[in-house]
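S.K.: Chain by chain, the residues:
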Amino acid sequence: MQTETPFGDFTQSEEVVRAEDLRKTFTLSRKQQRLEHTSFPRKVAVDGLSFSAYRGEIYGLLGPNGAGKTTTLRMLSTLISPDSGDAFVCGHSVRRAPHKVRDAIGFMTSELKLEGFFTPSYLFDFFGAMHGVEKGVLAARKEELFARFGIDRFAEVKVKDLSTGMLQKVSLVISIVHDPAVVIFDEPTNGLDVLTAKVVTDFLAELKNMGKSILLSTHIFSLVEKLCDRVGIIIDGKMAADGTLADICGGMSIEERFFEVYRSIKGETV
Amino acid sequence: MKLLALMKKEFRRFFGDPKLLITMILPGLLIYLIYTVMGSAIFGGDEQAKYSFKVYVSGESQAVQLIDAAVQKSGHEAEYVYLPAEGVDEETARREVKAGEATALLVFSEGFDGAIADTDASDAMPSALLCYHSEDAASSAFASLAGAVLDAYGRSFVFTMQNSAEAADIAQTMVAGILPMLIVVFVFSACMSVTLESVAGEKERGTLSTILVTSARRTDIALGKVLPLSCVSLMGAASSFLGVVLSLPTLMGISVDAAVAGVSALGYVLLFLLIVSVVPLIVGAIAAVSTLSRTVKEASGYTSVLMILMMVLSIVTAFVSGIGDWVVAVPVLNAVVAMQGILTGAMQVWMCLVAVAVNLVYTALLVLLIARLLSSERVMFGK
Ligand SMILES: Nc1ncnc2c1ncn2[C@@H]1O[C@H](COP(=O)(O)OP(=O)(O)O)[C@@H](O)[C@H]1O
Ligand SMILES: [Mg+2]
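Same order as they appear, the protein sequences are chains A and B. Just so you know, the first sequence maps onto residues -2 to 267 in the working numbering. Just so you know, the second sequence maps onto residues 302 to 684 in the working numbering.
So that you can see chain B by itself, here it is in the shape it has in the complex (with noise of 0.2 Å):
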């Protein structure tokens, strides 16, 4: 019961102050205006520029008149190369769009604007082919217009979209690299702003002292600031990371699809529950650190040198391969690499399970501490 009241008046605190609620939502919002102005700085060219593209075409379709119009539309212009051309068949095309030589290669059954004609032609299904790569900007353009032709021209074929770029590309190693750290470095600060107001606040202001003299029991108290303060830290969480996931796109010039693809529905619950388990975490040890400190001022201090720590942590973690699963048991850390597993496609569903486990044995480790605190006399009656 007393531990429901001293939540209450936590959310309350939050909710009935327009000012925190801003302060909460606000870093997301200005993230994704910041970076989607710096990202289209850097890549802005490429909405507006005129690519000339070299297609290699095996095989025949009325389908390419169509592409090729709808190139011209968008300001781009195109030449094509009909295969057997000299010196080169379907492989070396191939490879050429990897090596970014030619933009594409488009490939038709033989036969296909025929055999897509007749319906009722027992043959083989007719197929067409297009291959590109992400990695270059005029080979995703030009994939994009001609996929949307080739899904718009007929039913009754099969259509591939290949993409040569590696599974494990750099701009999904950057996004797994990078993203993990960023949703730690977002998690903590919309920690860090909270907690330190709520709980260093209250004990520069006395407050905290008020509630001590009640026989409201001190793992009450405890729990009564890290759950509700968890609440609202991820609701501002939750902002940044919308507002970095959104931005990314154009800050790397990459599709977060793209970047992604590899991530399942379970995939998405475990990051979710992940992030979920480390915001309480970071709200128990800034707690923690706020009730040791004597002001706001002490506790921010101590707080930024936390974060810090972190932010290398997990930047190593990025670029260091080969850890062992000994990190499983490394308070935030753990999931940081789970992430990191999760982005690039070698999800490791125990770690996750067992990370976010682990993160709320510690958070509830740091409860008792925190109760410990409240309790001692040093900490908070000291001179």
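Here chain A stands alone, though its shape is the one from the complex (with noise of 0.2 Å):
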């Protein structure tokens, strides 16, 4: 299949993202060691995570809490450096060439915040130039994305006077002010309303049909079978399963095949 997209044409099966041997420990505190209810002073979160994802496609890590979803992404996007192994987005290794990963990619979290006294439109420019995106690239991208997402109304409209919706629009606008290649988004749909997680879907259908490739982190089975062209099944930090989404379920739904994988591994403790 071939896709029209601003890179020009491109095979399916061009690789955006590859993980290889992916490995991350953390070093607990006392108060963390309480909490985690160990006395054990170190965590693996990520233990050799291996995949690959695909231009045009969206790639989801399914996996339950704790399983080392937000420590890979987070190495994805150089936010933190993985013990060892590598990765590569776009060709450009985190380690060796983190400016370039980061200039490739748009990082998106619930955690990542915008402040509430600018304007969408102040904030577009200035995270623009963040990226050293050109002035006129930026204007035009602006009204483009601005005008497709419904944002131009509320453009010049404090950022803590939008609604939870139209905040979360800009949010995901402004991740992608440098037209990256690839967007990473940690629990896209986590702690939001259904209104403002439909919002999200959409946005990332959205970006998929614009060609962009995607890759994101859940641990809702629905939101697997609604978006996702491939999926990885994550636990313990260890790809478990890793293919597309029919490969995967094989006739069953993502859900059960999922406890059947989550039984395979941890014994019938479910």
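What the hints contain is simulated information worked out from the structure, not anything from laboratory work. Please read all numbers here as calculations on a predicted model, not as lab measurements. In this text, a Cβ means the ideal position worked out from N, Cα and C, and glycines have one as well. Incorrect hints may have been included.
Stated by the list, open to error - Straight-line C-alpha distance at most 20 Å; calculated EDC-like pairs for lysine to aspartate or glutamate: (1) A:Lys235 x A:Asp18; (2) A:Lys97 x B:Glu678; (3) A:Lys235 x A:Glu17; (4) A:Lys110 x B:Glu380; (5) A:Lys157 x B:Glu678; (6) B:Lys351 x B:Glu380; (7) A:Lys40 x B:Glu678; (8) A:Lys155 x B:Glu311; (9) A:Lys205 x A:Asp226.
Said to hold, decoys possible - Pair ranges (Cβ atoms, derived): (10) A:Lys28 x B:Val650: 22 to 32 Å; (11) B:Thr596 x A:Pro61: 26 to 36 Å; (12) A:Ser36 x B:Arg313: 20 to 30 Å; (13) A:Glu33 x B:Val338: 51 to 61 Å; (14) A:Arg150 x B:Phe312: 22 to 32 Å; (15) B:Asp318 x A:Gly264: 54 to 64 Å; (16) B:Val613 x A:Asp190: 48 to 58 Å; (17) A:Gly248 x B:Gly507: 37 to 47 Å; (18) A:Asp233 x B:Arg313: 42 to 52 Å; (19) B:Ala665 x A:Glu33: 38 to 48 Å; (20) A:Gly147 x B:Ile609: 51 to 61 Å; (21) A:Gly264 x B:Thr596: 38 to 48 Å; (22) B:Ile326 x A:Glu11: 52 to 62 Å.
Two chains, two frames, a set of hints: combine them into the complex.
M.R.: In structure tokens:
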């Protein structure tokens, strides 16, 4: 299948993200040890994770809480660095070329916020400048994206006065201000009410139509079924199953399949 | 380019928000109001006070009558003792003025009035001398009255006002000892409100991480905070500083002129440079602490400790004499000591300049430290 994008023609199987044997271990403080109910001072969060995501597809990392999804996405976004292994985004190593990786990705999570004092228009320009986007290009992109996602009427309203749904849209649009090839999204609908969650899922579908590659993490089965082309089931920092949604499910629902995988690894303790 | 955008955003944040601007300017205004009210409560008597002056006069002049008229018009009264009087000569009169037993001594050269009237006199220039003691409120009051009269009395004579107070007076030591400490405190609190809100606030609200996801360099992000915040803090510090300086006279019952009479133009320039060098240093320190802290509350806790430490050290330096030159290597304290030097008339230019340079170097190191902290996953993304 061929798709038209700003990057020109390409085949669907082009690899845009490749994780190679990623490992990350955290040293736990006393307090963290207590919270985690362990007396072991080290926690292996990601344990030799490898997978590939492809251009124009939505890849979902599916796993329970504490499986290592956030840690993995943070390593791919260069916010933290792997203890060993490496990952490549559009061919740039997160270890050796973190700046190039940052310009190639848009990173979203509910923890990343915008300053309420400023307007969407100002913040769009500001983050454009942070990514070194040229002024003329930035203006054109702002007009297009604001119109496409219905932000134009709110462009000059202070962020703190926006509705939750509109604020979410603004955050999403600003995360792609530099037209990244890959969008990384940690728990896209976590903590959102149903209406705002729909804004997000619609946005992701629209991004895919625009030809973007998306890498998201979630523990919500319906989200995977609705959006993802490819899924990786991650349990205890390890990849338990990885492939296209159809291949993984093999006729089952993703929920059934997930618990089957989970039981095969952890025993009948669900 | 990215640095510029970061700095612009910071400025816009402050100048776009009247509330923040007011919190910057308000302390100075309040200090001035409070201290002025407090000062006049303590020294309030001065302005309405009715003094009985005891003035020694040596030589003769109609000016004495004019002075007396001015004295009475101001509601005071004066007794004039012409010298030589019983057991009093000029020397003893001087001593009495200094000891506060007499108000002042007026000395006119021989034939003073005649010499002034006789414009083409080829004799020596006539002269008048007013000897007073600025530490004594009555003496100061008389000196300003008599000085004004004599200034207007004629042009062609030499008029000298002689203050018998010691050069390094108590007033001056007070100002010199306390002013630098006050400056540091006000600079610190100005920096504190701005920086805590901007750095710790942004970290707590999660907006700082949003910038970390972009390809902006960490040093740019750190500088983009420290530079604009320093400018804004400098404004706040200037406001507080002016408040203090303007209220010092009423607060201490002395005139600022008297206290800083010995400060030259160069002294003022150095004073200003020292303050300017301390601001980014303190902003940098608070920004570093803020980056390390999880919340504004945590950061303000650590910052208060820092502030108290600086206050104590500043006071100690004011009253401990003979601190070695090594102090120039100690950030902030070097500026305090250098400022004390300027205000006591013992200015050491090299020390001021080295202190400024040293503080700027420390600031640069702090910026690098903040950049390091921003890239530390434990600091930014630790649980
Ligand atoms: N900064 C950190 N310090 C210590 N432990 C951490 C840190 N971040 C994550 N962890 C631990 O690593 C494991 C994986 O966490 P995370 O990647 O957030 O999982 P997920 O996003 O899948 O819920 C968890 O046990 C978590 O407690
Ligand atoms: Mg998570």
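S.K.: Each hint should be assessed against the structure and marked as holding or not.
M.R.: For each hint, the structure was consulted:
Only pairs whose Cα atoms come within 20 Å are accepted, and lysine 235 of chain A paired with aspartate 18 of chain A is accepted, the gap being roughly 10 Å. In summary, the hint linking lysine 97 of chain A to glutamate 678 of chain B is supported, as the alpha carbons are separated by about 19 Å, within the 20 Å threshold. A distance of roughly 12 Å separates the Cα atoms of lysine 235 of chain A and glutamate 17 of chain A; the hinted pair therefore holds under the 20 Å criterion. Distance restraint check for lysine 110 of chain A and glutamate 380 of chain B: the Cα-Cα separation of roughly 78 Å exceeds the 20 Å cut-off, and the hinted pair is therefore not satisfied.
Only pairs whose Cα atoms come within 20 Å are accepted, and lysine 157 of chain A paired with glutamate 678 of chain B is rejected, the gap being roughly 28 Å. Only pairs whose Cα atoms come within 20 Å are accepted, and lysine 351 of chain B paired with glutamate 380 of chain B is accepted, the gap being roughly 14 Å. Between lysine 40 of chain A and glutamate 678 of chain B the alpha-carbon distance is near 15 Å, which keeps this suggested pair within the 20 Å criterion. Restraint check for lysine 155 of chain A and glutamate 311 of chain B: the C-alpha separation of about 16 Å stays at or below 20 Å, so the hint holds.
With a C-alpha separation of about 11 Å, the suggested pair lysine 205 of chain A and aspartate 226 of chain A falls inside the 20 Å cut-off, and the hint holds. Separation of lysine 28 of chain A from valine 650 of chain B is about 53 Å and departs from the stated range, judged on CB atoms against 22 to 32 Å. Hint check: threonine 596 of chain B to proline 61 of chain A, Cβ distance near 29 Å, so the stated range 26 to 36 Å holds. About 50 Å separates the C-beta atoms of serine 36 of chain A and arginine 313 of chain B, a value inconsistent with the hinted range of 20 to 30 Å.
The supplied range of 51 to 61 Å is met by glutamate 33 of chain A and valine 338 of chain B, whose beta-carbon atoms lie about 58 Å from each other. About 28 Å separates the C-beta atoms of arginine 150 of chain A and phenylalanine 312 of chain B, a value consistent with the hinted range of 22 to 32 Å. Distance hint check: the CB atoms of aspartate 318 of chain B and glycine 264 of chain A are about 58 Å apart, consistent with the given range 54 to 64 Å. Look at valine 613 of chain B against aspartate 190 of chain A: about 52 Å separates their beta carbons, and that is inside 48 to 58 Å.
Restraint check, glycine 248 of chain A to glycine 507 of chain B: a C-beta distance of roughly 42 Å satisfies the suggested window 37 to 47 Å. Look at aspartate 233 of chain A against arginine 313 of chain B: about 47 Å separates their beta carbons, and that is inside 42 to 52 Å. Range check, alanine 665 of chain B to glutamate 33 of chain A: about 40 Å between beta-carbon atoms, so the 38 to 48 Å window is met. For glycine 147 of chain A paired with isoleucine 609 of chain B, a C-beta distance near 53 Å keeps the hint of 51 to 61 Å intact.
Distance hint check for glycine 264 of chain A and threonine 596 of chain B: the Cβ-Cβ separation is about 41 Å, which falls inside the suggested range of 38 to 48 Å. Evaluation of the 52 to 62 Å hint for isoleucine 326 of chain B and glutamate 11 of chain A yields a pass: the beta carbon distance comes to about 58 Å.
Checked against the numbered hints given earlier, the structure breaks hints 4, 5, 10, 12 and satisfies all the rest.
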